[in-house]
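Visitor: Listed here are the chains, written in short residue letters.
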Amino acid sequence: MKRTKSLKIYILASLFAALTAASAFIKLPTPWVPLTLQTLLVYLSGLLLGPWGGAMSQILYLLVGLAGLPVFTGGCGPTYVLYPTFGYLVGFIPASFTAGLLAERGGYLLPALGTLICVLVIYVFGVPYLYFSVNYLLGKEMAFLSALKIGFLIPIAGDIFKGGAALGIFYLIRMRMPIPISKR
Amino acid sequence: MKFLQDITLGQYMPQDSFVHRLDPRVKFFILLILMVTLFFIEAPLKFLLMGLIVFLIIRLSKIPTGYVLKGVAPFVWLFLFAACAHFFFTPGRSIRPFPIGFVNVTVEGVVNGTVITLRILLIIVLSSMLTLTTTPLELTTALKMALSPLKRFKVPVNDFAMMMMLTIRFVPILLLEAQRIINAQRSRGINFETGGLIQRAKKLVPILIPLFNLSFLRADELSVAMICRGYATGKERTSFREVRFSTPDFFALAAVMLVLPFFFL
Chain A
0 MKRTKSLKIY ILASLFAALT AASAFIKLPT PWVPLTLQTL LVYLSGLLLG
50 PWGGAMSQIL YLLVGLAGLP VFTGGCGPTY VLYPTFGYLV GFIPASFTAG
100 LLAERGGYLL PALGTLICVL VIYVFGVPYL YFSVNYLLGK EMAFLSALKI
150 GFLIPIAGDI FKGGAALGIF YLIRMRMPIP ISKR
Chain B
0 MKFLQDITLG QYMPQDSFVH RLDPRVKFFI LLILMVTLFF IEAPLKFLLM
50 GLIVFLIIRL SKIPTGYVLK GVAPFVWLFL FAACAHFFFT PGRSIRPFPI
100 GFVNVTVEGV VNGTVITLRI LLIIVLSSML TLTTTPLELT TALKMALSPL
150 KRFKVPVNDF AMMMMLTIRF VPILLLEAQR IINAQRSRGI NFETGGLIQR
200 AKKLVPILIP LFNLSFLRAD ELSVAMICRG YATGKERTSF REVRFSTPDF
250 FALAAVMLVL PFFFL
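Chains as they are written, first to last, in numbering that gives the first Met the number 0: chain A, 0 to 183; chain B, 0 to 264.
Hints are supplied without guarantee of correctness; some may be wrong.
[What the hints assert, rightly or not] No farther apart than 25 Å at their CA atoms in a straight line, the calculated lysine to any residue pairs in the SDA-like style are these:
id	chain 1	residue 1	chain 2	residue 2
1	B	Lys201	A	Pro154
2	B	Lys143	A	Leu62
3	B	Lys201	A	Leu108
4	A	Lys148	A	Phe124
5	B	Lys61	B	Leu37
6	B	Lys201	A	Gly106
7	B	Lys143	A	Pro50
8	B	Lys201	A	Phe160
9	B	Lys202	A	Pro154
10	B	Lys201	A	Ala156
11	B	Lys201	A	Tyr107
12	B	Lys202	A	Ile172
13	A	Lys148	B	Ala82
14	B	Lys202	A	Phe160
15	A	Lys148	A	Leu112
[Stated by the list, open to error] Over the 10 Å line for every Cβ pair with chain B, so calculated as not near, a few chain A residues:
id	residue
16	Glu103
17	Tyr107
18	Leu108
19	Val120
20	Phe131
21	Leu144
22	Lys148
23	Ile159
24	Phe160
Please keep in mind that the hints were generated in silico from the structure rather than gathered at the bench. Cβ coordinates follow ideal geometry from the N, Cα and C atoms, glycine included.
Based on the sequences and whatever the hints tell you, model everything.
Guide: So this is what it looks like as structure tokens:
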């Protein structure tokens with residue numbers, strides 16, 4: 000029985016990696032910049048699969064994208080590490096883990112706190128990577144405040160909105176089955 | 000949301016060529032060596048030599064050069080950003096008729112911008128060659144072997160390879176499912192193109208909830224099916240897809256090793 004559960008976690012992690020990949024192509028047509036559902040799935044993978052399942056799914060997403068499947072928005076393959084935005088993808092892993100850790104404890108406040116921290120953790124990894132890749136990889140100076148503005152202040156509103164949406168979906172699903180879903 | 004037609008799964012282009020037949024681990028290793036080397040070269044002659052190597056790899060793979068360059072298109076903004084940042088903001092000797100007002104172009108800036116752009120271009124083309132000549136499943140095998148030292152830290156490397164292959168298989172299946180769900184909800188009156196932001200967000204629920212339920216059911220069925228067929232997590236298994244180191248791999252490695260010293264003279 001233990002074997003069945005661990006295998007099920009692995010399969011669910013693969014499914015959520017694939018869902019994250021698929022969601023990168025579903026665009027909400029908004030009057031301003033188009034939003035993708037990608038980060039929504041990142042939050043949900045942590046909330047639904049728990050800390051280790053969520054982190055595993057995002058590691059898989061990263062590996063599959065680097066292996067050449069076009070699952071990243073705007074490119075794929077090993078060269079994606081050159082993209083200034085690659086840091087956000089790396090941040091998906093600890094973000095998902097964090098959300099899962101807090102959501103596991105039940106209630107309504109802790110999952111909400113987990114989702115908020117999840118949103119912020121992605122930027123903790125994304126903005127420094129943006130700063131360093133512009134300064135050292137591209138070899139050009141950029142003030143950290145500029146990186147903060149471009150990489151954090153502009154996109155944060157959309158992500159908080161998606162965090163709220165993920166939380167709502169999480170509550171809906173939790174009514175119907177135990178969380179993490181691998182326990183059912 | 001006609002995204003299903005837009006996505007082309009994988010970059011692999013099948014050809015009967017020397018490069019395609021190489022062991023994926025060898026290709027992965029050669030790619031890493033050449034990419035690291037690129038970060039150490041600055042002289043024009045060395046860039047020319049590396050360019051010749053890349054061109055030779057393209058010819059050997061029988062993939063049209065235009066097709067390779069098409070893969071570079073998504074990175075054009077990166078080139079422009081890097082080049083302009085150097086052209087206009089590097090202190091040094093100005094090129095006439097600059098400076099004009101606050102706009103200045105310097106010799107050092109042009110040189111640095113060109114070096115950075117060439118470096119990025121060659122890195123992108125090299126890694127494109129890896130994904131163009133190797134299937135994702137072969138790359139998974141190579142990655143699994145590259146990650147095998149992590150076994151001593153109790154990382155489930157074998158299961159990770161299985162999971163990667165599952166993810167690759169699931170992407171088209173889930174896209175089809177999503178498309179089917181969207182069409183079913185459309186036929187029941189939901190219009191995904193109208194309404195404000197909140198309205199559109201609410202319309203995602205009829206897509207995501209059924210998609211998740213289907214995913215969970217599929218996970219249940221797949222785990223039972225795999226266990227019925229004797230799969231056990233964490234165990235070493237034989238592989239239906241074997242990779243072998245052979246003579247062409249030796250030649251490729253030898254060629255790269257022979258040419259490397261020229262970059263460090």
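Visitor: Against each hint, give a clear statement of whether it holds in the structure.
Guide: Quick rundown of the hints versus the structure:
1. For the proposed pair Lys201 of chain B and Pro154 of chain A, the alpha carbon gap of about 21 Å is at most 25 Å, so the pair holds.
2. Restraint check for Lys143 of chain B and Leu62 of chain A: the C-alpha separation of about 11 Å stays at or below 25 Å, so the hint holds.
3. For the proposed pair Lys201 of chain B and Leu108 of chain A, the alpha carbon gap of about 22 Å is at most 25 Å, so the pair holds.
4. For a cut-off of 25 Å, the pair hint linking Lys148 of chain A to Phe124 of chain A stands: about 15 Å separates their Cα positions.
5. With a CA separation close to 24 Å, the supplied pair Lys61 of chain B and Leu37 of chain B stays within the 25 Å bound.
6. Among the hinted pairs, Lys201 of chain B with Gly106 of chain A is consistent with the structure: their alpha-carbon atoms are about 23 Å apart, no more than 25 Å.
7. For the hint pairing Lys143 of chain B with Pro50 of chain A, the CA-to-CA distance comes to about 23 Å; that is within 25 Å, so the pair holds.
8. For the hint linking Lys201 of chain B to Phe160 of chain A, the alpha-carbon distance of about 12 Å falls within 25 Å, and the restraint holds.
9. As the CA atoms of Lys202 of chain B and Pro154 of chain A are separated by approximately 22 Å, the hinted pair is consistent with the 25 Å bound.
10. At roughly 18 Å between alpha-carbon atoms, Lys201 of chain B and Ala156 of chain A fall within 25 Å of each other, so this suggested pair holds.
11. For the proposed pair Lys201 of chain B and Tyr107 of chain A, the alpha carbon gap of about 20 Å is at most 25 Å, so the pair holds.
12. About 16 Å separates the Cα atoms of Lys202 of chain B and Ile172 of chain A, which keeps this hinted pair within 25 Å; it holds.
13. Using a Cα cut-off of 25 Å, the hinted pair Lys148 of chain A and Ala82 of chain B holds, with the two alpha carbons roughly 22 Å apart.
14. For the hint pairing Lys202 of chain B with Phe160 of chain A, the CA-to-CA distance comes to about 15 Å; that is within 25 Å, so the pair holds.
15. Among the hinted pairs, Lys148 of chain A with Leu112 of chain A is consistent with the structure: their alpha-carbon atoms are about 24 Å apart, no more than 25 Å.
16. Distance to chain B confirms Glu103 of chain A as a non-interface residue, since its nearest Cβ pair spans about 18 Å, more than 10 Å.
17. Every beta carbon of chain B lies more than 10 Å from that of Tyr107 of chain A, the smallest distance being close to 18 Å; the non-interface claim holds.
18. Even its closest Cβ contact with chain B, about 22 Å, leaves Leu108 of chain A beyond 10 Å, as expected for a residue assigned away from the interface.
19. A cut-off of 10 Å between C-beta atoms confirms that Val120 of chain A is not in contact with chain B; the least separation is 22 Å.
20. Residue-level check passed: Phe131 of chain A sits 15 Å from the nearest beta carbon of chain B, beyond 10 Å.
21. No Cβ of chain B approaches the Cβ of Leu144 of chain A within 10 Å, the least distance being about 17 Å, so the stated non-interface status holds.
22. Under the 10 Å C-beta cut-off, the non-interface status given to Lys148 of chain A relative to chain B holds; the minimum distance is some 16 Å.
23. The beta carbon of Ile159 of chain A sits about 13 Å from the closest Cβ of chain B, which is more than 10 Å, so the claim that it is off the interface holds.
24. With a cut of 10 Å on Cβ distances, Phe160 of chain A falls inside the contact zone with chain B, its closest approach being about 8 Å.
In this structure, the one hint that does not hold is number 24.
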